[in-house]
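Colleague: Sequence:
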Amino acid sequence: MLHDAAENDSPEAVAEVAQHIDDVDFVDDDEEEYPGRTALWTAVFANRPDNARVLVAAGADPWRPMMNGWSPGRLSLAGPTPALFSIPPGVAGLSPAETAAVTEARRLIAALGDLSYFGLGMACVADITAGEAVRRLEAVPADDEDVAAIIEDLGSHLDDSRTVVGVTDVPGGCVVSQPWGYVPYTSGAAKRLSAGTVYYGMYDNPKGGHHGAVFRDGVIAEGDTHPGGGGVYPDDPTEEILATYLYHHHAVAYCCARMSLRLTNAKAITGPPDMWVRLPERDWWN
4 MLHDAAENDS PEAVAEVAQH IDDVDFVDDD EEEYPGRTAL WTAVFANRPD NARVLVAAGA
64 DPWRPMMNGW SPGRLSLAGP TPALFSIPPG VAGLSPAETA AVTEARRLIA ALGDLSYFGL
124 GMACVADITA GEAVRRLEAV PADDEDVAAI IEDLGSHLDD SRTVVGVTDV PGGCVVSQPW
184 GYVPYTSGAA KRLSAGTVYY GMYDNPKGGH HGAVFRDGVI AEGDTHPGGG GVYPDDPTEE
244 ILATYLYHHH AVAYCCARMS LRLTNAKAIT GPPDMWVRLP ERDWWN
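Whatever position you read off the sequence shown (first residue = 1), add 3 for this note's numbering.
For the record, the hints were derived by calculation from the structure and aren't laboratory data.
Here are the computed distance ranges between Cβ atoms for each label pair:
id: 1; residue 1: Asp-286; residue 2: Ala-86; range: 49 to 57 Å
id: 2; residue 1: Asp-162; residue 2: Asp-32; range: 45 to 53 Å
id: 3; residue 1: Met-4; residue 2: Glu-107; range: 31 to 39 Å
id: 4; residue 1: Asp-149; residue 2: Ser-13; range: 47 to 55 Å
id: 5; residue 1: Arg-138; residue 2: Glu-36; range: 40 to 48 Å
id: 6; residue 1: Asp-149; residue 2: Gly-233; range: 32 to 40 Å
id: 7; residue 1: Pro-237; residue 2: Asp-286; range: 39 to 47 Å
id: 8; residue 1: Asp-130; residue 2: Gln-22; range: 53 to 61 Å
id: 9; residue 1: Asp-238; residue 2: Arg-138; range: 39 to 47 Å
id: 10; residue 1: Tyr-236; residue 2: Met-4; range: 19 to 27 Å
id: 11; residue 1: Phe-29; residue 2: Asp-130; range: 44 to 52 Å
id: 12; residue 1: Pro-92; residue 2: Arg-138; range: 51 to 59 Å
id: 13; residue 1: Asp-149; residue 2: Asp-32; range: 54 to 62 Å
Lysine-lysine pairs mimicking DSBU-like chemistry, simulated, CA-CA at most 35 Å apart:
id: 14; residue 1: Lys-194; residue 2: Lys-270
id: 15; residue 1: Lys-210; residue 2: Lys-194
id: 16; residue 1: Lys-270; residue 2: Lys-210
Keep in mind it's a predicted model, so treat the numbers as computed, not measured.
Think of the CB as a built atom: it goes at the ideal place given N, C-alpha and C, for glycine as much as any other residue.
Kindly generate the complete structure, drawing on both the sequences and the hints.
Modeller: In structure tokens form, the structure reads like this:
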């Protein structure tokens with residue numbers, strides 16, 4: 004109850020719950036919701052400094068070790084309120100690499116802006132050009148009139164839209180996007196695009212939320228991920244815990260960051276892409 008209040012409720016509600024708990028700094032052993040963390044850590048991760056202050060006043064320790072090196076205090080250094088807690092002598096702050104990751108996350112999220120990605124399928128591919136992506140997908144230029152008709156009235160062109168995708172060069176690689184479908188996320192596209200490199204695909208299913216997958220050199224490395232979803236566990240790699248925090252609620256930015264794509268705007272996602280292409284008719288799930 005305290006963890007949930009720290010994440011979602013007012014400071015007054017947190018204070019009320021804390022009054023009825025002997026140890027406000029207990030570590031939750033629930034493997035589903037808040038594994039391996041205190042309520043204070045949960046408040047910091049949720050960017051609730053108001054609730055974090057209440058918990059510290061009630062006895063919570065910001066520098067208690069947990070979550071693979073990310074104490075609540077250390078995590079706060081990567082967030083919007085880095086001065087939330089005083090750093091005790093001898094306690095390490097962020098490393099240069101972690102500081103750089105924080106800086107890049109803020110830049111990338113700002114560059115992409117407030118994205119709407121309902122129904123979007125996308126693939127972030129490291130170290131290949133848009134032209135190479137087109138070659139691997141065996142695509143051809145799409146007819147301009149077909150694309151215009153799809154954009155103007157998608158509902159009347161659903162069948163025709165299924166094989167049309169946008170491809171865009173970005174710093175670090177390229178993005179394949181389909182604002183109305185899942186093809187860039189399919190295993191067939193992933194295997195082709197990831198040959199000799201790495202790929203992060205995502206599809207925002209209107210019926211079931213967004214799902215992600217990582218392929219390396221044609222082989223799936225991570226399946227059924229939830230980019231931007233905030234799911235993190237005590238034994239996750241330290242850099243993954245940081246990335247999950249930095250890109251919480253920013254699914255597209257997370258996918259780009261995982262592939263080290265340094266987009267400067269949202270054109271690759273929202274359009275117009277560098278080129279619209281038509282894919283061959285095939286079962287893209289195989």
